[in-house]
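*Asks:* Sequence:
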Amino acid sequence: MNTESGRPLRIAVLSFAHTHAISYCEALRERTDVELIATDPDGASAPDDASRGAELAAALSVDYVDGYAEAMAWGPDAVIVTAENSRHRELVELAAAHGAHVLCEKPLAATVDDARAMLAATERAGLALMTAYPVRFAPAFADLVQRVRSGQLGTILAVRGTNNGKLPSDRAWFTDPELAGGGALVDHVVHCADLLDELLGARPETVYAVANRKIHSGSPVETGGLVTASYPGGIIASIDCTWSMPENGPTWGGLTLQVIGTRGSVTIDPFAQHVAGIAVDGPVWAATGDNLDAAMLDEFLDAVRSGRPPRPDGAVGLRTLEIVDAARRSVASGEAVRLG
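Taking our numbering, the leading residue of the sequence shown gets 1, the next gets one more, and so forth.
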């Protein structure tokens with residue numbers, strides 16, 4: 001669906017459950033080519049300490065409507081789904097039924113079946129489905145991809161990824177097995193899996209994972225994990241996805257990727273440019289480099305306006321979720337899982 005040139009795009013943010021909704025609203029409200037609304041009908045009943053719903057929308061200076069039906073009645077060109085993982089499917093299908101393109105927060109869904117249904121719904125409607133992987137837009141990653149594809153590192157042998165952070169304690173649903181679909185494996189594996197998907201251009205053949213709850217031992221979901229994936233050609237990739245930061249540590253900044261080849265190795269740290277410290281009201285961590293959320297939104301809005309497929313699309317979201325699903329099954333069985 002192509003939108004009319006010259007008029008602002010209507011964008012509706014569906015839910016404040018995920019903290020990324022805040023940065024998306026902050027980036028979009030400053031744009032003159034966008035009309036923005038938000039809704040968060042599940043916020044009132046959420047067991048969260050953080051502000052949600054109309055209160056948060058007011059703090060962000062974003063117009064608010066009372067429900068998902070009202071948001072759809074507004075006639076958005078596109079929506080951003082930032083609800084709890086298990087609610088992604090119903091909201092994507094609702095958007096597709098109303099002719100709205102979709103940017104969906106990661107992971108694409110809580111289950112592989114839900115993700116496949118979301119892809120089918122948007123494909124039937126001829127609409128874009130993009131998965132929210134902002135690290136894909138880091139200049140350091142673009143540089144890494146160029147070095148790998150030019151052959152500078154030789155034949156790739158292994159990749160080591162980390163995505164560490166802290167337990168999102170002010171968003172209780174992150175540790176709810178039903179709403180989140182799991183813990184650290186679900187929350188943190190997918191970002192590195194997306195970078196591997198783009199970098200290697202292949203799906204892993206086998207996935208082996210271990211996980212435990214030794215950190216935050218009272219959690220009902222895994223809080224630490226290590227995933228090892230074997231790719232065609234013998235490449236071994238590992239992803240450390242542990243919620244290992246203390247409560248007074250930074251929320252962001254724990255993602256790195258090291259690529260090792262026969263002619264050398266390169267390590268990227270996309271969040272290296274930042275200021276950090278401690279203030280009276282808590283820890284300080286602020287990125288000073290490129291705004292990756294804004295870059296991702298630029299890609300999504302341009303795709304909506306032009307009618308071209310966005311990158312990374314829903315198919316990438318499905319492939320990365322399949323790695324998470326294989327990791328969950330590997331933890332349960334104690335064996336490596338082969339992907340079909």
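In short, the hints are calculated from the structure, not lab data.
Some hints here could point you the wrong way.
Claimed, not checked - Cβ pair distances, simulated, as ranges:
no. : residue 1 : residue 2 : range
1   : R338      : G67       : 39 to 49 Å
2   : R338      : D113      : 17 to 27 Å
3   : D143      : P47       : 20 to 30 Å
4   : R311      : T155      : 19 to 29 Å
5   : S169      : D290      : 38 to 48 Å
6   : G277      : T155      : 21 to 31 Å
7   : G67       : A117      : 20 to 30 Å
8   : P47       : A286      : 38 to 48 Å
9   : D113      : G75       : 41 to 51 Å
Every residue gets a Cβ at the ideal spot worked out from N, C-alpha and C, and that includes glycine.
*Asks:* Each hint: holds or not?
*Replies:* Hint by hint, here is what the structure shows:
no. : hint                    : in the structure
1   : R338 x G67: 39 to 49 Å  : holds (43 Å)
2   : R338 x D113: 17 to 27 Å : holds (19 Å)
3   : D143 x P47: 20 to 30 Å  : violated (42 Å)
4   : R311 x T155: 19 to 29 Å : holds (26 Å)
5   : S169 x D290: 38 to 48 Å : violated (28 Å)
6   : G277 x T155: 21 to 31 Å : violated (42 Å)
7   : G67 x A117: 20 to 30 Å  : holds (22 Å)
8   : P47 x A286: 38 to 48 Å  : violated (28 Å)
9   : D113 x G75: 41 to 51 Å  : violated (30 Å)
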